[in-house]
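Take the given structure of chain A and dock chain B to it, following the hints.
Line order of the protein sequences matches chains A and B.
Sequential numbering from 334 applies to the first sequence in this note's numbering.
Sequential numbering from 334 applies to the second sequence in this note's numbering.
Heads up, a few of these hints could be off.
Since copy identity is lost for identical chains, a pair holds within one copy or between any two.
[Stated by the list, open to error] Each computed SDA-like pair below joins lysine to any residue, with the alpha-carbon atoms no more than 20 Å apart:
no.	residue 1	residue 2
1	591	539
2	676	708
3	545	596
4	557	704
5	790	758
6	553	707
7	500	417
8	557	608
9	790	704
10	423	675
11	756	551
12	553	542
13	553	608
14	545	600
15	546	597
16	632	784
17	557	531
18	553	600
19	465	411
20	424	481
21	546	600
22	676	782
23	393	426
24	553	406
25	465	526
26	379	802
27	557	610
Bear in mind the hints are in silico, worked out from the structure with no lab data behind them.
There are 2 protein chains.
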Amino acid sequence: MAINDLFDKDLKVINIGLGSFKDSLEEVNAGVVQVDWKPPAEIDEKTLNIISDNSSYIEKENKKCLNKTLSGTPFLIDLDRAINVIPGMKKNMILHAGPPITWDRMCGPMRGAIIGALIYEGMAENPEEAEKIAASNEIEYSPCHEHSTVGPMAGIVSSSMPVFVLKNEEYGNHAYCTLNEGLGKVLRYGAFSKEVIEKLRWMEAVLYPALKKAVRELGKIDLKNIIAQALHMGDEVHNRNRAATSLFYRQIAPAIIKTTKDTEIAVKVLEFINGNDHFFLNLSMPACKVTLDAARNIKGSSVVVAMTRNGTDFGIQLSGTGDQWFVGPAPIPDALFFPGYTKNDANRDIGDSSITETNGLGGFAIAASPAIVQFVGGAAQDALNYTQEMYEITVGENNIYQIPSLNFRGTPTGIDVIKVVEKGILPFIDTGVAHKNAGIGQVGAGVLSAPMEPFTKALKGLAESLENKDTNKKM
Amino acid sequence: MAINDLFDKDLKVINIGLGSFKDSLEEVNAGVVQVDWKPPAEIDEKTLNIISDNSSYIEKENKKCLNKTLSGTPFLIDLDRAINVIPGMKKNMILHAGPPITWDRMCGPMRGAIIGALIYEGMAENPEEAEKIAASNEIEYSPCHEHSTVGPMAGIVSSSMPVFVLKNEEYGNHAYCTLNEGLGKVLRYGAFSKEVIEKLRWMEAVLYPALKKAVRELGKIDLKNIIAQALHMGDEVHNRNRAATSLFYRQIAPAIIKTTKDTEIAVKVLEFINGNDHFFLNLSMPACKVTLDAARNIKGSSVVVAMTRNGTDFGIQLSGTGDQWFVGPAPIPDALFFPGYTKNDANRDIGDSSITETNGLGGFAIAASPAIVQFVGGAAQDALNYTQEMYEITVGENNIYQIPSLNFRGTPTGIDVIKVVEKGILPFIDTGVAHKNAGIGQVGAGVLSAPMEPFTKALKGLAESLENKDTNKKM
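So here's chain A without its partners, still in its complex pose:
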């Protein structure tokens, strides 16, 4: 038979990708022929050549980047108000999800969440007034990611909001995230009605002090340990956080009772957490952020350290290119829509929560969480396939985070922009879906692939930084 005949002969590999592939094959003495080839995405020849010429250097730097990611140790160490702890935070500043964006280009749900935040801060009496202030130059907008912070969906953080304080004990850096509001009408999906603001005020007045006292009582909570266990328990800690929330709850409950003397309050706080299986999302996100931030600024590394959406643009940052953003239009997710809503109602993809995928969790670990694909009409095998595919575009595997159904293989970690462009395989992301208009909220949940444009731009950006490096050396 033809296939069997093929394997009887000596194999010669025809490499039609970047030169780095050829080099690897030559190392293991496989016969290899390099063929001129243009990747599916539009990449200029100069970029390709620079990347090819630097392939072994890039590989070395990527290993450094992976090692820093794998050795990170995210702990929850405290809670505080945004203004007190987030670097660069100001009274009139509002942080948002995704790459930088101005009010005029912001999508409905992000505008809605900003309106809510201005009312919550007492800077506006009503939505009309809030909108006027938001559009004026009184307010300074800045991406969460540029302030060691991440936020789900609209990702709005205003100065007096309470935030979790995380520390990467291995490297000493910190990260921050607001507290999860639960489902229904919530700010992060762009809702700003009275009940949304009232819940935020309750969280500030009751939930925040109770959690702060409990976390201080415990000293710290090991989030890497919780995430590792949760992956063995059906979570991928992006769209499914039931196990992680349960494990967190088990740790925090006795400390809450010890430190919150008012029994009625302690009960309400526990019931709030118990009532929201997504509570841990706002801990898994900054756990990934604090881990990846330590792996930034490794010159030459083609690994993605931020991948995020503001509801208009999809942006990424590479370890090798510092604070530079590479953006393209954000896609609209495939989703299971709530009754009464369709894809026509859906906003473009939004939120910093894809920091979980950037750290090899979420859609990258979806094989651990087949319930999510079932949710959008897929089979358990699809979940395995999605994760398997992500190994194609990552530089390594996690040593702690494992997928039981893949025989406890480590999660695919460290998205390599070269592999993404070369293979045309795009990062797979789990996501929630917001209504495109301000003030409505969540309309579904689903999955999507990242768009190619930010990755091709990032590859070019990396090549430019390598070119400058060489120029600098020569000078």
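Only chain B this time, still in chain A's reference frame:
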């Protein structure tokens, strides 16, 4: 190629098993030839003929049995002392795991647990005195299973021990189980030192009243719902109960704080549960018991409703044969032994916990919990294979309990003694391993297959009951 050629032709099936197989094939118009055949196990011709002749009747009754099992609704509704609630319980009675057994035939860990129970009850001052009383005819021994009760490992229940009270709301029957003591030196593994008794006293004085008040505050806790979720979270609710314990904890914690005014006690109770991932085992077991007890006494049904071990014998009961026990020697499990112990230290298999397998959980659902096979050196694929094999010997699939990695297929439910004997496939059981000597405790955890003898005896017993049925009819 030979295999392909085979599939090009019309297939004729040669049935070498019982006639019931042939009937099913004839129903779908497959060509079938019945061949005289003797199953691997020793079954006399008369038994085979009776079973064959009654195959469609048995099948019908098995469907009834399965339906009753699937429609059961186990709830935790209360806690109380054994003497107050367990039917037939007496001051001088001690319940034990497995089929009936006398003191002289009891294994070391069961004797050890009885010694501990007599000290705990204040009926003996020290182990020597306890052993004397235990061996006298002052004490009446009876299997838990004959009192709507189940107990893990030695399964010892004495009159003043607190027990969970469960109700099958669909059918109105109840079941009972003691509270899980945690790991280390514990009564259920045959330890009876001072610390063991002290912990039991603390559980009686502190844990029991706190849980009782909390359960009464909640009214009831839906255990079927917790088990269904836990199967999506890496548990099989026999050797792994981390998710189920977490979900139970989330429900009970606010109620404990509400009803136990002393904060210090509330914290200790929560920390006790949080410190023991097996806490839910003593709820999953009676949940299975209360479910299967409602499926008993369906004349003609070849489905197993109890499968249990006393550390000496392995016994089963069928729905179609009432309270009759079918026993054979209990095997020694394959296990991961704790440092310093080997298979030479291991007691024969012991405990009522195989009620979980009898209800399609535990080893039957091990595909949901690959961490358990990894524990004894297996791969995730082995877990899938074990569960797949159990579909071969069961009458149906659960409609609520699912295996995510098998694309959410229902768990294999209702062990059919005919299929077990016919196919020579034995039920696969997860288990803990006790030291064979009294007073030592747990030495490992592992897996094993049930022995064949109880099943061949049960098949014969079923045939006899069917023969009597016919005789009765004719009279």
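Here is how each hint holds up against the structure:
no. : hint      : in the structure
1   : 591 - 539 : both (15 Å within a copy, 17 Å between copies)
2   : 676 - 708 : within (16 Å within a copy, 45 Å between copies)
3   : 545 - 596 : both (17 Å within a copy, 19 Å between copies)
4   : 557 - 704 : between (22 Å within a copy, 18 Å between copies)
5   : 790 - 758 : within (16 Å within a copy, 59 Å between copies)
6   : 553 - 707 : neither (36 Å within a copy, 30 Å between copies)
7   : 500 - 417 : within (16 Å within a copy, 53 Å between copies)
8   : 557 - 608 : between (23 Å within a copy, 19 Å between copies)
9   : 790 - 704 : neither (34 Å within a copy, 42 Å between copies)
10  : 423 - 675 : neither (39 Å within a copy, 64 Å between copies)
11  : 756 - 551 : neither (46 Å within a copy, 55 Å between copies)
12  : 553 - 542 : within (16 Å within a copy, 32 Å between copies)
13  : 553 - 608 : between (23 Å within a copy, 18 Å between copies)
14  : 545 - 600 : both (16 Å within a copy, 18 Å between copies)
15  : 546 - 597 : both (16 Å within a copy, 16 Å between copies)
16  : 632 - 784 : neither (25 Å within a copy, 63 Å between copies)
17  : 557 - 531 : neither (33 Å within a copy, 36 Å between copies)
18  : 553 - 600 : between (22 Å within a copy, 18 Å between copies)
19  : 465 - 411 : neither (35 Å within a copy, 58 Å between copies)
20  : 424 - 481 : within (17 Å within a copy, 65 Å between copies)
21  : 546 - 600 : both (15 Å within a copy, 15 Å between copies)
22  : 676 - 782 : within (16 Å within a copy, 52 Å between copies)
23  : 393 - 426 : neither (39 Å within a copy, 72 Å between copies)
24  : 553 - 406 : within (12 Å within a copy, 40 Å between copies)
25  : 465 - 526 : within (17 Å within a copy, 74 Å between copies)
26  : 379 - 802 : within (15 Å within a copy, 89 Å between copies)
27  : 557 - 610 : both (18 Å within a copy, 19 Å between copies)
Comparing the model with each earlier hint shows violations of hints 6, 9, 10, 11, 16, 17, 19, 23; every other hint is respected.
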